[in-house]
Amino acid sequence: MVSQVLILGSVDSEGKVTLVHPSQKADNGLPIA
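One rule links them: number in my numbering = place in the sequence shown (from 1) + 245.
Where hints are given, some of them may not hold.
As the list claims (entries may be wrong) - Label pairs and their computed distance ranges (CB to CB):
id, residue 1, residue 2, range
1, Ala-278, Gln-249, 32 to 42 Å
2, Asp-272, Leu-251, 18 to 28 Å
3, Ser-248, Ala-278, 30 to 40 Å
4, Met-246, Leu-275, 15 to 25 Å
5, Asn-273, Ser-248, 23 to 33 Å
6, Met-246, Gly-274, 15 to 25 Å
7, Val-247, Asn-273, 33 to 43 Å
8, Val-247, Gly-274, 16 to 26 Å
9, Leu-275, Val-247, 14 to 24 Å
10, Gln-269, Ser-248, 20 to 30 Å
11, Asp-272, Val-247, 18 to 28 Å
12, Ile-277, Gln-249, 16 to 26 Å
13, Ser-268, Ser-248, 16 to 26 Å
14, Leu-275, Val-250, 14 to 24 Å
To be verified - Result set (SDA-like, lysine to any residue): computed pairs, CA atoms no more than 25 Å apart in a straight line:
id, residue 1, residue 2
15, Lys-270, Glu-259
16, Lys-261, Asp-272
17, Lys-270, Val-256
18, Lys-270, Gly-260
19, Lys-261, Met-246
20, Lys-270, Ile-252
21, Lys-261, Leu-251
22, Lys-261, Ala-271
23, Lys-270, Met-246
24, Lys-270, Ser-255
25, Lys-261, Ile-277
26, Lys-261, Gly-274
27, Lys-261, Leu-275
28, Lys-261, Pro-276
29, Lys-261, Asn-273
30, Lys-261, Val-247
31, Lys-270, Val-247
32, Lys-270, Asp-257
33, Lys-261, Val-250
34, Lys-270, Gly-254
35, Lys-270, Val-250
Source of the hints: derived by calculation from the structure; they are not laboratory data.
Using N, Cα and C, we set each Cβ at its ideal position, and we do this for glycine too.
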């Protein structure tokens, strides 16, 4: 069985990563890594 998962997160000015998810809030314009 082959499985593929893509996990994205936004990176704030302090280097803190917030996972991209509809229930998580992040500021507009933050880079995505």
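Mind listing which of the numbered hints don't hold for this structure, in increasing order?
Structure breaks hints 1, 3, 4, 6, 8, 9, 11, 19, 23, 30 and 31.
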